[in-house]
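Chains A and B, in that order, give the protein sequences. In case it helps, our numbering puts the first sequence at residues 1306 to 1863. In case it helps, our numbering puts the second sequence at residues 154 to 500.
Be a bit skeptical, because a hint or two may be false.
[As the list claims (entries may be wrong)] If you want the footprint, here are the derived chain B segments under chain A, 3+ residues with CB under 8 Å:
no.	segment
1	399-412
2	423-436
3	462-470
[To be verified] Here are some, though not all, of the chain A residues that point toward chain B, as calculated from beta-carbon distances under 10 Å:
no.	residue
4	Asn1345
5	Ser1405
6	Glu1588
7	Gln1743
8	His1746
9	Lys1793
10	Glu1794
[Unchecked claim] Over the 12 Å line for every Cβ pair with chain B, so calculated as not near, a few chain A residues:
no.	residue
11	Asp1342
12	Glu1403
13	Ala1443
14	Gly1474
15	Leu1484
16	Thr1657
17	Ser1734
18	Ile1856
It is worth saying that the hints were derived from the structure and are not from the lab. Every residue gets a Cβ at the ideal spot worked out from N, C-alpha and C, and that includes glycine.
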Amino acid sequence: MFSIFRNNKIAIHPVSIWINLELSILKQFAALFASLDQTNKTIEKVGYLKEYFREASDQDKLWVLALFSHKGPRRQVNATLLRRWSAEAANVPDWLFEESYHVVGDLAETMALLLPLPEYSQQEDLSYWMAFIMSLGALGESEKKEAILSAWNTMTPQERFVFTKLMTGSFRIGVSQSLVTRAVAEVTKIDKAIVAHRLMGNWQQGDTSFRKLILEENDEDNLSRPYPFFLAHPVDKPEDLGQPAAWLAEWKWDGIRSQLIVRKGKLYLWSRGEDLITDKFPEFQQLLQQLPDGTVIDGEILPYKNEKPLSFALLQTRIGRKNLTKKILNDAPVIIKAYDMLEFGGADIRETSQGERRHLLEQTVASANSPVLIVSPKITFATWDELHKERATSREKLAEGIMLKRLDATYQVGRKRGDWWKWKIDALSIDGVLIYAQKGHGRRADIYSDYTFAVWHEGLLVPFAKAYSGLTDQEMNKVDAFVKRNTKEKFGPVRTVKPSLVFEIGFEGIQESNRHKSGVALRFPRILRWRLDKKVEEANTLDELKELLQIYQNAEKA
Amino acid sequence: MNEPKLIQFTNNGLYCPIADIYIDPWRPVDKAVISHAHADHARWGSKHYISHPDGEGILRQRLGEDISLQTLPYRKSLSINGVKISLHPAGHIIGSSQVRLEYKGEVWVFSGDYKLENDHFCVPFEPVKCNVFITESTFGLPIYKWIPQEEIFQQINSWWKHNQDNGKVSILFTYALGKAQRILHHLDHSIGKIFVHGAVWNVNEALKMNGAILPYVQRVTPETAREDFAGSMVIAPPSALGSPWLKKFKPFSTGMASGWMNLRGAKRRRAIDRGFILSDHADWPGLLQAVEGTGAQCIYATHGYTASFSRYLNEKGLEAHEVQTQYEGERAEITDVSSSDENQKEQ
């Protein structure tokens, strides 16, 4: 039986913890995390992962795969408690903890740095600590506290950081699934596409092993398993793609990209983020009767009424709801716009051509004859000029642009250049004035990098959007220096700054909103560029912003 | 009614009205006591300077060969209008001083930049008893707790060795004045050749004129053959990061030695391969220890996390204040040189 008190403590001199010759296994994982975190070179990331997969035990490897696939344990300890206990142990007042947190930009890292240096060391592996973490849920508060404090007291700051992240269920890492897949494939010498497929689906760390999941063939488990999604890179000039006749064009819809699976009398729905979302969309259960076993369709879930897509915001009202009431189902009806067919008659058809798959898709959808499954229409065009004209109508169709797929393309794994391209419409944009700034998180920690922008209305600046991406590091440093020198007031972590900088803010959509002072809410706002050429007075007005809203609403009503 | 304060905080910098001298002023003045030669403390244009002799060469190099400069060894004092002025080791970089002012039995100390850990290169910090202590607080938050430098140098040396084994040149970015020499002193010279950027070379030469003993290094010049760099260590200022100057070292691995490397965010922002936590400033325990060592009841915090640090001291029962100055601490090390120059222009 696992006991949280098994922990072999080894007393050490405080200084010697830094010169630990023997790497504990948790340390190995913490070091992997740190290495991945610090480099932005793909080849190095894969190298670190491979090194880890070669050395770690099967048990630890499985944990790492689970963690990278967002299948880690749920939060076992309330972050507020952890925060209180660490502040207590560090002997810092709450406000100082808070100040430190604003500078560090990460809660687990703040705790790891504030805690006093450890008096002991530990030599346990990742699996041990994961079991430790999962056992915490059953403990009472004071037992929990004691267990965690003594664990912290055996760990270096780097180990503590990773351990605390795992405890709070906030473990994220800047490594794409495809890099992990590549590393596993290269170490195990199994084809990458096969590894990618095996890593997908509804497996849990507790009910499989590294051997079963990755190394063995097991068709029974594969019932619910989706295929890795094929994703497109952006293209600016379709003219570069050659002859129009070689391409299939369709609308790029703004919904939830998903995979519908019907196998052995069961229906599964997966999102591209690899969440099983079958239960969120009960209206698709009827397809179980209408589609034959062994069918997998790639498509987009869209809110849809009277043969028209509705705004994505409507879909958001459904996501995250525990109870889907009749009212919600009525207010936000959904359908699947089908793009592609990956499995037909139980056979994986990803190697057949785009044209052939499209043909099978049309056939299948036609014979299903269901109101909730519609083939995404082809856009017919003879020249790129014609397609330019079609694309200009995207916004009124509530599409994000056009997808271009080579007619002889296979269905590939992940984001690949060559056969699929997305040709998006330009973002809407408006010039806003920087009025509030706040320090960021992660790589923007301790830099004023999260901004609120305002537009003019009757001589006053009204905030309309928050954005924190889009500037280069150099620009961010400059804005940071500006904020520090031009602060008017401080409200906790927020600083109000002298209105003087103008930025062009881009966004994908706009909605009426009574929760915002400006009366509008933007979708995906981001900084397009710093308008050094513009004075504050030249920023846009609220009326101009509302004109964009009008255009949008008309499109929806049309 | 009352005597004026011994040191006042003015638009030109810290000012002693009785002696009519400034300490580390940021505008040209008549008489300036300089704590050390870093650019945010030693500024161009004053008529007369007073500083520690170890920094004379570098001060002249930076402010002009013909400046009027009086040197004052540690613990020797000079008197101006009844104010006794003396310099005391700050342990920050070679020739760095705390400035002590005494008048009618009242003592004020300005710390300049300092660290408590003995780096075995410059004269170590000495606490100076005083009534009022004006201190830096660059790393004035409890998240900053330094690792002993032995461990950091071991990390740097093994990183170098590792790169060498993998056919890579190691390029370490750090301040040209101070930390570069501290690192040169502690590198394991048996591993391989050490090269320095011209900026580091010039500082080395100036320091040697004042008697600093530095290990043998080679200067990177346009003539140096590419093959010469194989397996070597190159020390360069942060401004070289991302510049075409780096091309000739390919393939290479980059590292940065700075107190800011304590935070993941700062590390990730500078696309560098390795961060080493090494600072010439006091960490949080160091600042508290320094304050305690002075016995001062009144504290002014001049730069860094001044608000947090002074609030914390207030809660501990000391009278502490924040002061606005233009000192940057180690900030310049991770901010782009271009932007920090512009900040100065904005003033």
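Glu1403 (chain A) and chain B, when compared Cβ to Cβ, separated by more than 12 Å: violated (10 Å)
Hint status (Cβ of Glu1588 (chain A) to nearest Cβ of chain B, threshold 10 Å): violated (44 Å)
Restraint outcome when Gln1743 (chain A) is required to lie within 10 Å of chain B by C-beta distance: violated (14 Å)
Interface hint outcome for Lys1793 (chain A) [beta carbon to chain B under 10 Å]: Status violated, d = 15 Å.
Status of the Ser1405 (chain A) interface restraint (C-beta, 10 Å, chain B): holds (5 Å)
12 Å Cβ clearance of Asp1342 (chain A) from chain B: Per Cβ check, Asp1342 (chain A) is inside 12 Å of chain B; nearest 6 Å; violated.
No chain B beta carbon within 12 Å of Thr1657 (chain A)'s: Consistent with the label, Thr1657 (chain A) stays out of reach of chain B, its closest Cβ about 42 Å off (over 12 Å).
Cut-off 10 Å, beta-carbon criterion: hint that Asn1345 (chain A) touches chain B: This hint holds: Asn1345 (chain A) lies near chain B, its Cβ roughly 6 Å from the closest one there, short of 10 Å.
Ala1443 (chain A) non-interfacial with respect to chain B [C-beta, more than 12 Å]: holds (32 Å)
Proximity test - 8 Å, beta-carbon atoms, the segment 462-470 of chain B to chain A, at least three hits: Satisfied; 3 residues make the cut.
Distal placement of Ile1856 (chain A) relative to chain B, Cβ over 12 Å: The assertion about Ile1856 (chain A) holds, with a minimum of 39 Å to chain B.
Consistency of the no-contact label for Gly1474 (chain A), given chain B and a CB cut of 12 Å: holds (19 Å)
Going down the numbered hints, you'll see the structure goes against 1, 6, 7, 9, 10, 11 and 12, while the others check out.
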